[in-house]
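> Here is how the chains run, residue by residue.
2 protein chains.
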Amino acid sequence: VDFIVERPWERREAFLALNAAGEVPVLMENEGVPLCGPTVIMEYLDETRGYAMAERRLMPGHPDLRAEMRRLVDWCTRRTYEEATRVFEEERIFKMEQRGSPDTAVLRQARANVRFHVAYLGWLAGGRDWLAGKALTYADFAAAAQLSVLDYLGEVPWDASETARSWYARLKSRPSFRPLLADKVAGLPPSSTYLDLDF
Amino acid sequence: VDFIVERPWERREAFLALNAAGEVPVLMENEGVPLCGPTVIMEYLDETRGYAMAERRLMPGHPDLRAEMRRLVDWCTRRTYEEATRVFEEERIFKMEQRGSPDTAVLRQARANVRFHVAYLGWLAGGRDWLAGKALTYADFAAAAQLSVLDYLGEVPWDASETARSWYARLKSRPSFRPLLADKVAGLPPSSTYLDLDF
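Here the protein sequences come in this chain order: A and B.
Under the numbering used here, the residue at position 89 of the first sequence is numbered 164, and the numbers go up by one with no gaps.
Under the numbering used here, the residue at position 75 of the second sequence is numbered 150, and the numbers go up by one with no gaps.
Chain A on its own, in the form it takes in the complex (with noise of 0.2 Å):
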């Protein structure tokens, strides 16, 4: 895969022709049609590619394990990313690229949301191998991407869920992780736990 940067905020007419909603990410195969959003390149991985992956298939092949992990695709993409993420990038991204001030009461919200999310995968991986069953699933992933950028930013609270803390130690640990923990945000340094695959 080739990854292009691109900014949804600039609202490109050329990436708006791909994207009606203009929003990332994009996965775009030779002459194929746009494949919009995470949840559709879930989808359609997992059509095209998912059964010739045996045992490294990142979907359960039954419809109630396939089922679950959707709902928790759905919920770290959409839940805890509007409830915390999406505030964070706001209030100290944005606004630092703005030369703005954060506001403290949304950020002191956004502290109390992440707890919650993070107890609730502790919870999840509490009980289970990985967060939707015995196997590592897209789910994972989501709640990794989620997880990536609020502990860049040095917003996870660790002590918050030992379940939660060693399933992203384990995952992070991969080998597919090594690249993305070297992405930087212009002007903002990770927090000290970031490259710390021990931390």
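Hints are computed from structural coordinates only; laboratory data are not their basis.
Hints are not guaranteed to be accurate.
Pairs involving identical chains hold if they fit within one copy or between any two copies, as the list cannot separate such chains.
[To be verified] Below are the SDA-like pairs computed for lysine to any residue, each with C-alpha atoms no more than 20 Å apart in a straight line:
{"#": "1", "residue 1": "259", "residue 2": "234"}
{"#": "2", "residue 1": "170", "residue 2": "85"}
{"#": "3", "residue 1": "170", "residue 2": "261"}
{"#": "4", "residue 1": "209", "residue 2": "107"}
{"#": "5", "residue 1": "209", "residue 2": "108"}
{"#": "6", "residue 1": "209", "residue 2": "131"}
Given the structure is predicted, the values throughout are model-derived calculations rather than measurements.
Once you've looked at the hints, dock chain B against the given chain A.
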């Protein structure tokens, strides 16, 4: 299917135990896991019943067409809902129940948004038989679910798109739509176009 009314804002504990997100719809089937949210239910129904439906299956067979259908379901349930339907629910239904007054600036923006969303549906329906292609799919129902609420409130500018109007008239005439049209909001009668199949 037996329908059970749930008022998610009451945050009933027994309901939160089924769906931690506290959102409707949730589908329960015999002793199976709770199926939480429209997308999870849609994928589950297709996985467990789709193949046996043959030409009446509500999801296309090809991964590219499935991706386009899923994009539209996401667009309607998330974007059309957030930018239009939810605003009217809050401003016109919830505020009426709490004896408050709607915010006219918010309503004005939402009305501009509805016009855009109806025009987009009309653009899709104009180039295809149904929203996602040649066959009726979950995308049509996802869009109709939003339009039905908006139409009840008299908030659909049908002059914005003749192709949207004729697409919706075809859908509204289907027998499966009839029971929906009998639903009422206490104290708020439906608009004049709502019950009319030939509006």
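> Give a verdict on every hint.
Against the structure, the hints come out as follows:
For a Cα distance limit of 20 Å, the shortest separation of residue 259 from residue 234 qualifies neither inside one copy, at 25 Å, nor across copies, at 49 Å. For the homomeric pair residue 170 and residue 85, the shortest alpha-carbon distance inside one copy (16 Å) is at most 20 Å, but the shortest distance between copies (35 Å) is not. Taking identical chains as interchangeable, the C-alpha atoms of residue 170 and residue 261 lie at most 20 Å apart only when both belong to the same chain, with a minimum of 13 Å there against 44 Å between chains. In the homo-oligomer, the alpha carbons of residue 209 and residue 107 lie at most 20 Å apart only across protomers (18 Å), although the nearest pairing inside one protomer, at 33 Å, exceeds that limit.
When the C-alpha separation of residue 209 and residue 108 is checked against a cutoff of 20 Å, the pair qualifies only between copies, where the shortest distance is 17 Å, while the shortest distance within a copy is 33 Å. Taking CA atoms no more than 20 Å apart as the test, residue 209 paired with residue 131 passes inside one copy only; the shortest distance there is 12 Å, against 35 Å between copies.
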